[in-house]
Amino acid sequence: EPEVTQTPSHQVTQMGQEVILRCVPISNHLYFYWYRQILGQKVEFLVSFYNNEISEKSEIFDDQFSVERPDGSNFTLKIRSTKLEDSAMYFCATSQVGNTIYFGEGSWLTVV
Amino acid sequence: AQRVTQPEKLLSVFKGAPVELKCNYSYSGSPELFWYVQYSRQRLQLLLRHISRESIKGFTADLNKGETSFHLKKPFAQEEDSAMYYCALSGTSGTYKYIFGTGTRLKVLA
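Protein chains in written order, with my numbering: chain A, -19 to 92; chain B, 22 to 131.
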């Protein structure tokens, strides 16, 4: 069964550094999402991406965050200048059409 | 306001006992409701969606629009059911973003 894959699985970065998290969607999926889960808290929506542009974003998704799909396959989340509070598990998710979404295994980001 | 409420953070039951994980929602419109399961250190996996009305791993959930609930049930819990369970809702158009509840950790005791 096709799966959403994410890299890296775990990254430790210093505060202020840039981080890029990568996601390979399921091949025929058209909608892409990033969610995050701070340790012990609920899964929160960050951003949705369709037709090569952001379709919706949450309050969390401020100017420090950006997404793109540079090569038609990878879907990336960039955090320009990481803060301690960005430490979380970041999940990529994709869907074909309609609203059953499939999650990747997550990228655990630790900012020190 | 759009919201999903899972009132129990932790639910412990003995193997073979019935399980009910509660989920209530608030949404202006007709949402789609889902249950996702997360086993230790693994990805979120779709367990159920209300429109398919199917039973997965013995779990069922019925959407009650009057009570705005979508409780997850299983008649006989098994140890391998121990996991984190998230209720989520989505709109039926637009970006289909999900709103998650805070999750309930189910522990099935031997």
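A few of these clues could be false.
Which residues of chain A face chain B? A partial, calculated answer using Cβ under 8 Å [to be verified]:
id	residue
1	G(-4)
2	Y13
3	F25
4	S75
5	I81
DSSO-like, lysine-lysine: derived pairs with alpha carbons at most 27 Å apart [to be verified]:
id	chain 1	residue 1	chain 2	residue 2
6	B	K78	B	K30
7	A	K37	B	K94
8	B	K30	B	K86
9	B	K43	B	K30
10	B	K43	B	K128
11	B	K86	A	K22
12	A	K22	B	K94
13	B	K30	B	K94
14	B	K36	B	K128
15	A	K58	A	K37
16	B	K36	B	K78
17	B	K86	A	K58
18	B	K43	B	K86
19	B	K36	B	K94
20	A	K22	B	K30
21	B	K94	B	K43
22	A	K22	B	K128
23	B	K43	B	K78
A few chain A positions that, by computed beta-carbon distances, are all more than 12 Å from chain B [stated by the list, open to error]:
id	residue
24	N32
25	F45
26	P50
27	T90
If you are wondering where the hints come from, they were derived from the structure by calculation, not from laboratory data. Virtual Cβ for every residue (Gly too), placed ideally from N, Cα, C.
Hints versus structure:
no., hint, result
1, G(-4), "violated, 29 Å"
2, Y13, "holds, 7 Å"
3, F25, "holds, 5 Å"
4, S75, "holds, 6 Å"
5, I81, "holds, 7 Å"
6, K78/B with K30/B, "holds, 22 Å"
7, K37/A with K94/B, "violated, 33 Å"
8, K30/B with K86/B, "holds, 23 Å"
9, K43/B with K30/B, "holds, 10 Å"
10, K43/B with K128/B, "holds, 15 Å"
11, K86/B with K22/A, "holds, 24 Å"
12, K22/A with K94/B, "holds, 21 Å"
13, K30/B with K94/B, "holds, 16 Å"
14, K36/B with K128/B, "holds, 9 Å"
15, K58/A with K37/A, "holds, 14 Å"
16, K36/B with K78/B, "holds, 15 Å"
17, K86/B with K58/A, "violated, 40 Å"
18, K43/B with K86/B, "holds, 14 Å"
19, K36/B with K94/B, "holds, 14 Å"
20, K22/A with K30/B, "holds, 11 Å"
21, K94/B with K43/B, "holds, 9 Å"
22, K22/A with K128/B, "holds, 18 Å"
23, K43/B with K78/B, "holds, 18 Å"
24, N32, "holds, 14 Å"
25, F45, "holds, 15 Å"
26, P50, "holds, 21 Å"
27, T90, "holds, 15 Å"
In summary, the numbered hints that this structure violates are 1, 7 and 17.
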